[in-house]
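Asker: The lines below spell out each chain.
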Amino acid sequence: MKPPPFRYECPSSLEEALALRQEHGDEARPLAGGQSLVPMLNMRLARPTVLVDLNRLPALDGIAAGNGHLEIGTLTRQRRLERSGAAEPIGALQDALPLVGHVATRNRGTVGGSVAHADPAAELPLALLAVGGSVVAESAARGRREIPSDAFFTGFLTTALEPDELAVAIRFRHPLPGETSALAEMAPRHGDFALALAACWLRIVDGRIAAARVAVGAVADRPLLLRRAAEALVGQEPSPDAARAAGAAAAGSVDPTGSLHAPPAYQRHLVEILVTRAVARATARAQEVVAIDPLPGGQARPPHDRDGILP
Amino acid sequence: MTRRLECTVNGRRVTADVEERRLLSDFLRHGIGLRGTHVGCEHGVCGACTIRLDGAAVRSCLLLAVQADSAEITTVEGLATDERLHPLQEAFRRHFALQCGFCTAGILMAAAELCDEVAAGTPVPDEAGIRELLSGHLCRCTGYEPIVAAIAEVVGGEETQPA
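Protein sequence lines correspond, in order, to chains A and B.
Per our numbering, the first sequence starts with residue 7, numbered consecutively.
Per our numbering, the second sequence starts with residue 13, numbered consecutively.
By construction, these hints were calculated from the structure, which means they are not laboratory data.
Glycine included, C-beta positions come from ideal geometry on N, C-alpha and C.
There may be inaccurate statements among the hints.
[To be verified] Restraint ranges, calculated between C-beta atoms of paired labels, are given here:
no.: 1; chain 1: B; residue 1: THR27; chain 2: A; residue 2: THR55; range: 23 to 31 angstroms
no.: 2; chain 1: A; residue 1: ASP261; chain 2: B; residue 2: GLY168; range: 43 to 51 angstroms
no.: 3; chain 1: B; residue 1: GLY67; chain 2: A; residue 2: GLY91; range: 14 to 22 angstroms
no.: 4; chain 1: B; residue 1: THR134; chain 2: A; residue 2: THR55; range: 37 to 45 angstroms
no.: 5; chain 1: B; residue 1: ILE44; chain 2: A; residue 2: SER18; range: 22 to 30 angstroms
no.: 6; chain 1: B; residue 1: VAL130; chain 2: A; residue 2: GLN28; range: 33 to 41 angstroms
no.: 7; chain 1: B; residue 1: ILE44; chain 2: A; residue 2: ARG89; range: 29 to 37 angstroms
no.: 8; chain 1: B; residue 1: GLY168; chain 2: A; residue 2: ARG89; range: 16 to 24 angstroms
no.: 9; chain 1: A; residue 1: GLN28; chain 2: B; residue 2: ASP29; range: 27 to 35 angstroms
no.: 10; chain 1: B; residue 1: ARG152; chain 2: A; residue 2: GLY258; range: 37 to 45 angstroms
no.: 11; chain 1: B; residue 1: SER82; chain 2: A; residue 2: ASP212; range: 53 to 61 angstroms
no.: 12; chain 1: A; residue 1: GLY74; chain 2: B; residue 2: CYS153; range: 49 to 57 angstroms
[As the list claims (entries may be wrong)] A short list of chain B residues far from chain A (calculated; beta carbon distances all over 10 angstroms):
no.: 13; residue: ARG15
no.: 14; residue: GLU18
no.: 15; residue: ARG24
no.: 16; residue: VAL26
no.: 17; residue: GLY43
no.: 18; residue: CYS73
no.: 19; residue: GLN79
no.: 20; residue: ALA92
no.: 21; residue: GLU95
no.: 22; residue: LEU97
no.: 23; residue: PRO99
no.: 24; residue: ALA131
no.: 25; residue: VAL136
no.: 26; residue: ARG152
no.: 27; residue: GLY168
no.: 28; residue: GLY169
[Stated by the list, open to error] Away from chain A, derived, C-beta distances all over 10 angstroms, residues of chain B:
no.: 29; residue: THR27
no.: 30; residue: ILE44
no.: 31; residue: ASP128
With the hints as extra help, turn the sequences into a complete structure.
Answerer: Structure below.
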């Protein structure tokens, strides 16, 4: 038997689920797709007393556009969102989805589960942080509240959710005209945990970047917004030079923790490349240009550089 | 604590009392003796335990058996019908797309979902798309080339010469 013993609860209504959450607090773990929690149970890294299975709550499963955002029910499978086309206008989310694990884990893994799990190397939390948005949380005692993405990720696998709350929906900000975003990562194999990843969001007004957000993952205890990298972009014309300047600013403002396959110096190097790449991709998207090529002097592209935007 | 589980496995009704923390992979193998589903890493990385749950290819090591209540499950034992191999199994044989066979059951189930999606109108994936699917399955024997060729043949609907 792999997981440690727990009490299994399978509520059939959100009210019931919230009541269980209120009753057991930190002792209970909500189970959404289980693609992160069940491995932790199998390895006995998590030992909840009660497991609250959310998979019989169809009310939490759905995709709706409205009020300036795309609202995704917490239990919506990643694969469903990927195939729905609803993420297409939100570049960073569109880029993120195919990078989340594998088809068979996206078939089960949920959007809300990934965001609430808050893995610093995960794609969906990073995309949410980069484009901005919020997590809709609900508790039996206090009803609903909206937690802005900037305040949601508070530490390693830790969020601003209270012990009696459930994340019921994730809201990704919908782009206004002139707004664009993108995400890029480096992983040993497709679907592996990223060695590093980066995402950016840009607002381009009259041919200049009027506002920017740059976020990186897998280099700290949580996905991080990098103010200096964003500042390097504001006021600039979207260009390969601006993308590279953002990459350099990003590399200079992270203090990577390093991981088994990527020591800190390599992670810093990846941050530079991936921020540059994300900015270039977002820019290309805004200009509806297929690819831009910031490589100096017509240098040949490395064969793995599918986007043609390695700095 | 045990809980009553009623589901359909390869078209057969199954009713069992299972311990709540029993993984679906272990239930299939030890509970009802379907040992075609293999268990490798038990944390969702290797892909060997992939089965289909209500049509979707999923990791059976990342599901509790009790979560499969009222679901329709297909395992590798359910691919062939009446002594006829599934086209994927035929292609794997023709292309020598397996050696030890440990990863094969999981790959077949993921590829079977792809075949069904293509049959339902999803565009035929190119080689890169097939390799992306296979990134979720670790094979330590074949070097993947014959596996890619076998799947490409079936989803592409064209018979190719084994390398």
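Asker: Next, verify each hint and record whether it holds.
Answerer: Now for the hints, and whether the structure bears them out:
A beta carbon spacing of about 28 angstroms between THR27(B) and THR55(A) agrees with the range 23 to 31 angstroms that was offered as a hint. About 49 angstroms separates the C-beta atoms of ASP261(A) and GLY168(B), a value consistent with the hinted range of 43 to 51 angstroms. As the Cβ distance of GLY67(B) to GLY91(A) is approximately 20 angstroms, the hint placing it in 14 to 22 angstroms holds. At about 43 angstroms, the beta-carbon gap between THR134(B) and THR55(A) stays in the expected band of 37 to 45 angstroms.
In this structure the supplied range 22 to 30 angstroms holds for ILE44(B) paired with SER18(A), their Cβ-Cβ distance being about 26 angstroms. For VAL130(B) paired with GLN28(A), a C-beta distance near 47 angstroms fails the hint of 33 to 41 angstroms. Distance hint for ILE44(B) and ARG89(A): a CB-CB separation of about 32 angstroms, consistent with the stated range 29 to 37 angstroms. With their beta carbons about 21 angstroms apart, GLY168(B) and ARG89(A) fall inside the hinted range of 16 to 24 angstroms.
One distance hint, 27 to 35 angstroms for the beta-carbon pair GLN28(A) and ASP29(B), holds here, with the actual separation near 30 angstroms. The hinted range of 37 to 45 angstroms is satisfied by ARG152(B) and GLY258(A), whose Cβ atoms lie roughly 41 angstroms apart. For SER82(B) and ASP212(A), the Cβ-Cβ distance of about 57 angstroms falls inside the hinted range of 53 to 61 angstroms, so the restraint holds. For GLY74(A) paired with CYS153(B), a C-beta distance near 52 angstroms keeps the hint of 49 to 57 angstroms intact.
Distance to chain A contradicts ARG15(B) as a non-interface residue, since its nearest Cβ pair spans about 7 angstroms, not more than 10 angstroms. Its beta-carbon lying about 14 angstroms from the closest one in chain A, GLU18(B) satisfies the requirement of being farther than 10 angstroms from that chain. In this structure ARG24(B) is separated from chain A by more than 10 angstroms, as the shortest Cβ-Cβ distance comes to about 23 angstroms. Its beta-carbon lying about 18 angstroms from the closest one in chain A, VAL26(B) satisfies the requirement of being farther than 10 angstroms from that chain.
Non-interface call for GLY43(B) relative to chain A: holds, since the shortest CB-CB distance, roughly 12 angstroms, exceeds 10 angstroms. At roughly 7 angstroms from the closest C-beta of chain A, the C-beta of CYS73(B) falls inside 10 angstroms, breaking its exclusion from the interface. With a closest Cβ-Cβ approach of about 6 angstroms to chain A, GLN79(B) is found to fall inside the 10 angstroms limit, against its non-interface label. With 10 angstroms as the threshold on Cβ separation, the claim that ALA92(B) sits away from chain A holds: the shortest Cβ distance comes to roughly 21 angstroms.
For GLU95(B), the condition that its CB be more than 10 angstroms from all CB atoms of chain A holds, with the nearest at approximately 28 angstroms. At roughly 22 angstroms, the least C-beta separation between LEU97(B) and chain A is larger than 10 angstroms, which holds for a residue marked as non-interface. Every CB of chain A lies more than 10 angstroms from the CB of PRO99(B), the least distance being 20 angstroms, so the non-interface label holds. No beta-carbon of chain A is positioned within 10 angstroms of the beta-carbon of ALA131(B); the least distance is around 16 angstroms.
Chain A leaves VAL136(B) outside its interface by the beta-carbon criterion, the shortest separation being 15 angstroms against a cut-off of 10 angstroms. Annotated as non-interface, ARG152(B) keeps its C-beta farther than 10 angstroms from every C-beta of chain A; the closest such distance is 14 angstroms. The beta carbon of GLY168(B) sits about 18 angstroms from the closest Cβ of chain A, which is more than 10 angstroms, so the claim that it is off the interface holds. The Cβ of GLY169(B) lies farther than 10 angstroms from every Cβ of chain A, with a closest approach of about 21 angstroms, so its non-interface assignment holds.
Chain A leaves THR27(B) outside its interface by the beta-carbon criterion, the shortest separation being 17 angstroms against a cut-off of 10 angstroms. For ILE44(B), the shortest C-beta to C-beta distance to chain A comes to about 17 angstroms, beyond the 10 angstroms cut-off, and the non-interface label holds. Residue placement check: ASP128(B) keeps its beta carbon more than 10 angstroms from all beta carbons of chain A (closest about 13 angstroms).
Hints 6, 13, 18, 19 from the earlier list are contradicted by this structure; the remaining hints agree with it.
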